[in-house]
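Trainee: The primary structure of each chain is shown beneath.
There are 6 protein chains.
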Amino acid sequence: MADLDELLRFLKEDAPAGDVTTDAIIPDISCTAAIRAEQEGILAGIDEASTLFAHFGVAITSRKNDGETVKTGDVVLSLSGRAKKILLVERTALNIIGRMSGIATSTGKMAAIVRSVNPACRVAETRKTCPGFRRLDKKAVQIGGGDPHRMNLSDGILIKDNHLALVPLEDALRAARNHSAYKKIEVEVESAADAMKAVAAGADIIMLDNMTPARVQETLSVLNGNRLRDRVIIEISGGIDEDSIRDYAACGVDVISMGALTHTVKNFSLSLEIQPVKVGKE
Amino acid sequence: MADLDELLRFLKEDAPAGDVTTDAIIPDISCTAAIRAEQEGILAGIDEASTLFAHFGVAITSRKNDGETVKTGDVVLSLSGRAKKILLVERTALNIIGRMSGIATSTGKMAAIVRSVNPACRVAETRKTCPGFRRLDKKAVQIGGGDPHRMNLSDGILIKDNHLALVPLEDALRAARNHSAYKKIEVEVESAADAMKAVAAGADIIMLDNMTPARVQETLSVLNGNRLRDRVIIEISGGIDEDSIRDYAACGVDVISMGALTHTVKNFSLSLEIQPVKVGKE
Amino acid sequence: MADLDELLRFLKEDAPAGDVTTDAIIPDISCTAAIRAEQEGILAGIDEASTLFAHFGVAITSRKNDGETVKTGDVVLSLSGRAKKILLVERTALNIIGRMSGIATSTGKMAAIVRSVNPACRVAETRKTCPGFRRLDKKAVQIGGGDPHRMNLSDGILIKDNHLALVPLEDALRAARNHSAYKKIEVEVESAADAMKAVAAGADIIMLDNMTPARVQETLSVLNGNRLRDRVIIEISGGIDEDSIRDYAACGVDVISMGALTHTVKNFSLSLEIQPVKVGKE
Amino acid sequence: MADLDELLRFLKEDAPAGDVTTDAIIPDISCTAAIRAEQEGILAGIDEASTLFAHFGVAITSRKNDGETVKTGDVVLSLSGRAKKILLVERTALNIIGRMSGIATSTGKMAAIVRSVNPACRVAETRKTCPGFRRLDKKAVQIGGGDPHRMNLSDGILIKDNHLALVPLEDALRAARNHSAYKKIEVEVESAADAMKAVAAGADIIMLDNMTPARVQETLSVLNGNRLRDRVIIEISGGIDEDSIRDYAACGVDVISMGALTHTVKNFSLSLEIQPVKVGKE
Amino acid sequence: MADLDELLRFLKEDAPAGDVTTDAIIPDISCTAAIRAEQEGILAGIDEASTLFAHFGVAITSRKNDGETVKTGDVVLSLSGRAKKILLVERTALNIIGRMSGIATSTGKMAAIVRSVNPACRVAETRKTCPGFRRLDKKAVQIGGGDPHRMNLSDGILIKDNHLALVPLEDALRAARNHSAYKKIEVEVESAADAMKAVAAGADIIMLDNMTPARVQETLSVLNGNRLRDRVIIEISGGIDEDSIRDYAACGVDVISMGALTHTVKNFSLSLEIQPVKVGKE
Amino acid sequence: MADLDELLRFLKEDAPAGDVTTDAIIPDISCTAAIRAEQEGILAGIDEASTLFAHFGVAITSRKNDGETVKTGDVVLSLSGRAKKILLVERTALNIIGRMSGIATSTGKMAAIVRSVNPACRVAETRKTCPGFRRLDKKAVQIGGGDPHRMNLSDGILIKDNHLALVPLEDALRAARNHSAYKKIEVEVESAADAMKAVAAGADIIMLDNMTPARVQETLSVLNGNRLRDRVIIEISGGIDEDSIRDYAACGVDVISMGALTHTVKNFSLSLEIQPVKVGKE
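Residue numbers (our numbering), protein chains in the order written: chain A, 1 to 282; chain B, 1 to 282; chain C, 1 to 282; chain D, 1 to 282; chain E, 1 to 282; chain F, 1 to 282.
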């Protein structure tokens, strides 16, 4: 569900006191416009852009949907309405679709690679999102076929190295289990031995951080050997990229999380073109 | 000036109801921590991160400044305070520094290339920023040595092709001049002829959009031949990248604007490491 | 962590344009005051009240802590500061401590009953909280020794009868598992057969809704007989009160959730008394 | 008038990032649903719940009104719309109606008792409301037939014992009268003598705090004897409950205020049931 | 009490993204500055301006107080701190003091005239304030010696001609009395006969709207003749100015309300001058 | 474009918890009403008032437009809708139209005087607006035919005497030029010599502060003599009023800015009258 308040906050960021150019030079006329993809990929942010245009009375006369694959030149949204409103919303809408589709496109690409070698394995996101855009960064990853992981610090328990520098692993897990019966407990470990300890102490998810594929496999073997593999979800994380992801997926892990999905986004290229129309007072 | 309200909004996005992990497992102890650069580049966002840590009572015991160049392994911020607070702020701070330093670093790189061939020419940003992060995206470009261009639709007049599809160039310029004596008027043109018309009609800045270096030079020659070159600022824009920017700078333009500076950011790599300390009630 | 913004919103609700009585009649003098318990029970909201008084420059000269048990007449907070500020904050602080301590006290009472018959069983809350006070209702239950359950619709998956009226159980569970590897999946069931189906389909938690203790035990037996009991957490819910809770706990369930903990709160009785002091300009 | 902003804030508290369960498992289908009373009493919050459902495009096909008396099983609201939206609003709507109807029902009960012995006497509320829900707590008391008393510290003058610990009664009243000609001045007193002094000094309302019915009557007699009874409104307050309220009302006071009306609310029991429908894309 | 949130909102209106001039050209130096009155009158807004400067770390080294009378050239506030912060706050602070002191000065002038002919009569404000500045407009009138009247539609009952076009006077008064025992009821009337009816029906305050002094006196005589004068407060309103106010006050009314106090404000003239200082890094 | 959020904030200021009078006494009936001008002048704020009434379901059956000239008695807006809503919005709407039309009317008057002696010269506003109402104060000046000048500290560079007390003129101008190529640079000067220096150093606009017409002319002559007049815009400012403005305009300056346009506003007189209608349930 698009969150109109959030979208209007974005718009206000780009037009805190209106659009001086348009207000000064554009008469009160209507027109049509088309947003076109200038590259191929998976769309996201269409719901948000449509909601924003619609809020300002601009009709959506045709649209692709979030999750659809497009190629260069495809019309993503066709618009019809007051020119002033289309121009007001233009940049905010393009910035949203551009970032979200960029994320969805690269997530989709990574997910496809992973699936090709290990259909049960998923690509997941982290909390390395652009401040102020968390919710939509997460949504774009989901649209691209990824797992959103936890939304924020309040909705998931993940015990990391920085926690373990302060409290012993077993104490941390005991405290986490006592906190609530309703949340999975994830623990970051750096060795097979710690992985064994964490599972024994009740971890639901083990994150293997910055391990080579070889060490990941070794850790999985140790868990298998102790019949603990099925009791946990195995996530790997840390410096995984398009080149190395295939090897990691092949290890048989459950989830591969990648900060780059949201912290190093390649913008999806789009244009909005207004069709000149015969002027007529609205 | 760091905007605390904005920073707390970012923090709330990552911790809407606190940090369940830390609240559940970390006792009320103090510790120290270091944020280190894991790559070289220009820092930005240090002011914001420091403000946020300080707001939660974490002391900054040493810091690099915004705009400083660092190399891999350099300590960017040294922290001392309650462990719970350091862990609460960690990700938000890293996300801010990571994105802003990424922007500052690539802006600095582009600015250096441009300067090496044309010391009077500047690199500028666009409004293609991440929604919710506009102000800090702009600030990061400035820290990296770029020109912020207009902040938003309310504070600058830029007449683009979509406006000119609706009103003739001269009418648009006349209306813009009538609006206010206090704003520069920029016009996007696609030919030398239109550039001439725009300058004649009172444009202060001409944006040459998507022209090859050859066509840029031709346009400058026409303006020069008509003694109009000195009356306007010339900006070029559209699809400029690290490879082509040198040629454009060499043409003798005043500003080169690049959407990629803020829409396709490469995150600056950082880590925060907590130093285990002897436990003691604060 | 007390959320100052939230607390100031509460204060503004009670003093949107200041305190006319105090502004009109009280000179700018300092005084001391004591907040006393007028009943016995478990305190909660002390952190919030202290934060609010401190924000207005009122010193906390002594305090009980959240989670402490008090008896009638105990001083909960001793205050010293400007009379105008103590009077401004008084009612908001008492309303917060009164509601939160009321919740903590009754949660503590239920948890003690449950523990006495089944030490492994916990009392949990629901989302039946007072709108606008969710976070603090949840916090008060935790302080009283309860499990907070999910905070809101965004942070936990709970498939209820109203969902199952729209989609078949197995489809719902499959879709939920596909959503994310990071969240436990809870399913509400009304029969032993459905409980079996849910566990088989991958539910992590089973909520037995509105069952008699006898039917709860029957369901547990069926699960036990199929060696599925250890694979799930069993929650019971629906119309449980002080009288019946002992029997449910004795069944061997893991969690007992009670809407009444937060929807039918008995206010904890408190008073704030100002000690008259010799007047002196601050 | 329902305040949509406030209602959306409540909804956001329960769904800060949407409803993960519904988003994951429920297709985009429409359905009908009914909210039923599971006890008898006076309804309140129907206006708010209807406004919230309507905002999300859910049609209200039948409704009871605020202030109507219902019995167990009565349909309070009939709904028709997208299943996702009904499920999104469900808990927030029930929490609002549950609390407000609980307040209206007990206010109505107290008002009826009072009226039966003293038709001119009214039941009134205090500021002992749930922080964040003040306006609706006050509205619910009014719907139940009570007097809302002052909304907050800014809109009424009430000189209490804590004020009188700091300034003498006559000084306080003089300052209050000087403040504004437009507000009634209420004074809390603990003896007949102080009541006399307060009326003589210009109090419009006298609050007799924590007096037994006998002492209330004695105070009224003293005022009557001095022909001052008609010049003031007499409110009694402090520890009045369902058992003692009749005796107080019989004394001939004008208003009886009760903190319990809003600080110790018994939730009104309700259910929302979705009717399974033949699936069809909306 | 100055409301920091409100003040920061005002500042943000004047500096949504900082102060570009100062940021671009002023080094990080400290300085002193003085705000001087450039006319005589009564000060207001000093508390707000001081709070705002202090929030940004600027020390107030001397200050006049709200309500003090100053003459041309008097130093109102002496400041010491970072130059950037003084320049940031300057205009917002001057706009607040300028408007509030303008209001206080003219209120004080009117109040003095009224007092000179009728010491018991007060000057009061209306709700004709600048949207967004209501609270401070009201506060300025109080500082100038006026009565704030009701703050808003929520905190006072005033039955005006537009209400009486829709419901008969007696019905309106009955409904208002039933609403709450805690609010005074004011009725606007246009004739002595209606004034009589309103008092008889229980009005606490009578507003005589747009009457000549002669008709005001006639109305007072009728009320006096019926021994009703002492039972009500008499307010006159409508088109009263500096010339006519003396005659109205002489009639013996209780309050004279004037929209012009806040809707037609003469700005109080002030200047802020920075003292150049020897530069030194802070 | 009217900003509904801003308008609703204004309304909430006047009705934070509804309209108690109307809620208590007015039945749910519909009516018509007319807002009439009670003076002549130029209208502004009609767009805002219409947006606000429309938001509450009140139909606008006829309306004058912003910028239209009206005379006493003209109907500005005709309304039709629920009486409760018209009464709720009445005062906020009148306060907005009253202030904005007051500003537009006096701006129009000044602009006409200026135009009559110097058609190329414009009247401009300053930042001396009512805090909380900046955007609409600026809009009203524009509607009256004035130049809005900079909106706030973030969107224009203006180097004033207080800056020049801290940095030398040339340094300030160099730093300002380095900041951005996209903003005009304005400098306040107090002598012809400084004006020369500022233009030579690259100022785009020169503000001559508090000069007599004679000194303004002398300064223009010096600039003319040096062939610099055409390279800058000349603004004069400081203590200009209806009497002196003609002489200043005659000097041949480009812009005359006046703080009084927004800091000393004469409210435009209006009334709203409800037409009594035959009652009928809506």
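Be careful, since some hints might not be right.
Note that identical chains are pooled: a pair holds if it fits in a single copy or bridges any two copies.
Here are the simulated SDA-like pairs of lysine to any residue, each with C-alpha atoms no more than 25 Å apart in a straight line [as the list claims (entries may be wrong)]:
#1 K71 - S269
#2 K184 - N65
#3 K12 - P27
#4 K197 - S269
#5 K109 - T212
#6 K12 - A200
#7 K197 - S80
#8 K160 - P119
#9 K266 - T32
#10 K85 - T51
#11 K184 - D254
#12 K71 - R115
#13 K64 - G18
#14 K71 - D5
#15 K128 - S80
#16 K197 - E273
#17 K85 - S50
#18 K266 - G252
Note that these hints are calculated values from the structure, not bench results.
Given the structure is predicted, the values throughout are model-derived calculations rather than measurements.
Trainee: The structure should be examined with respect to each hint, and the outcome stated for every one.
Mentor: Here is what the structure says about each hint:
Proximity of K71 to S269 under the C-alpha cut-off of 25 Å is restricted to the intra-copy arrangement: shortest distance 11 Å within a copy versus 33 Å between copies. Taking the shortest Cα distances, K184 and N65 never come within 25 Å of each other, neither inside one copy (33 Å) nor across copies (30 Å). Proximity of K12 and P27 under a CA criterion of 25 Å is satisfied intra-copy only: 22 Å inside one chain copy versus 31 Å between copies. For the identical chains of this complex, K197 and S269 are neighbours neither inside a copy (48 Å) nor across copies (31 Å), given an alpha-carbon limit of 25 Å.
In the homo-oligomer, the alpha carbons of K109 and T212 lie at most 25 Å apart inside one protomer (22 Å), although the nearest pairing across protomers, at 32 Å, exceeds that limit. In this assembly of identical chains, K12 and A200 lie within 25 Å of each other by CA distance neither inside one copy nor across copies; the values are 51 Å within and 34 Å between. Neither within a single protomer nor between protomers do K197 and S80 lie at most 25 Å apart by alpha-carbon distance, with minima of 61 Å and 31 Å respectively. In the homo-oligomer, the alpha carbons of K160 and P119 never lie at most 25 Å apart, since the shortest distance is 28 Å inside one protomer and 30 Å across protomers.
With identical chains, the CA atoms of K266 and T32 are never at most 25 Å apart, being 29 Å at best within one copy and 36 Å at best between copies. Taking identical chains as interchangeable, the C-alpha atoms of K85 and T51 lie at most 25 Å apart whether they share a chain (13 Å) or sit on different chains (16 Å). In this homomeric assembly, K184 and D254 come within 25 Å of each other (Cα to Cα) both inside a single copy, at 15 Å, and across copies, at 16 Å. When the C-alpha separation of K71 and R115 is checked against a cutoff of 25 Å, the pair qualifies only within one copy, where the shortest distance is 22 Å, while the shortest distance between copies is 38 Å.
Taking the shortest alpha-carbon separations for K64 and G18, only the inter-copy value of 23 Å comes in at or below 25 Å, while the best intra-copy value is 29 Å. For a Cα distance limit of 25 Å, the shortest separation of K71 from D5 qualifies neither inside one copy, at 31 Å, nor across copies, at 39 Å. Taking the closest pair of Cα atoms, K128 and S80 come within 25 Å of each other only across two copies (23 Å); inside a single copy the shortest separation is 37 Å, beyond that limit. Proximity of K197 and E273 under a CA criterion of 25 Å is satisfied inter-copy only: 23 Å between copies versus 59 Å inside one chain copy.
Taking the shortest alpha-carbon separations for K85 and S50, both the intra-copy value of 13 Å and the inter-copy value of 19 Å come in at or below 25 Å. For the identical chains of this complex, K266 and G252 are neighbours neither inside a copy (29 Å) nor across copies (30 Å), given an alpha-carbon limit of 25 Å.
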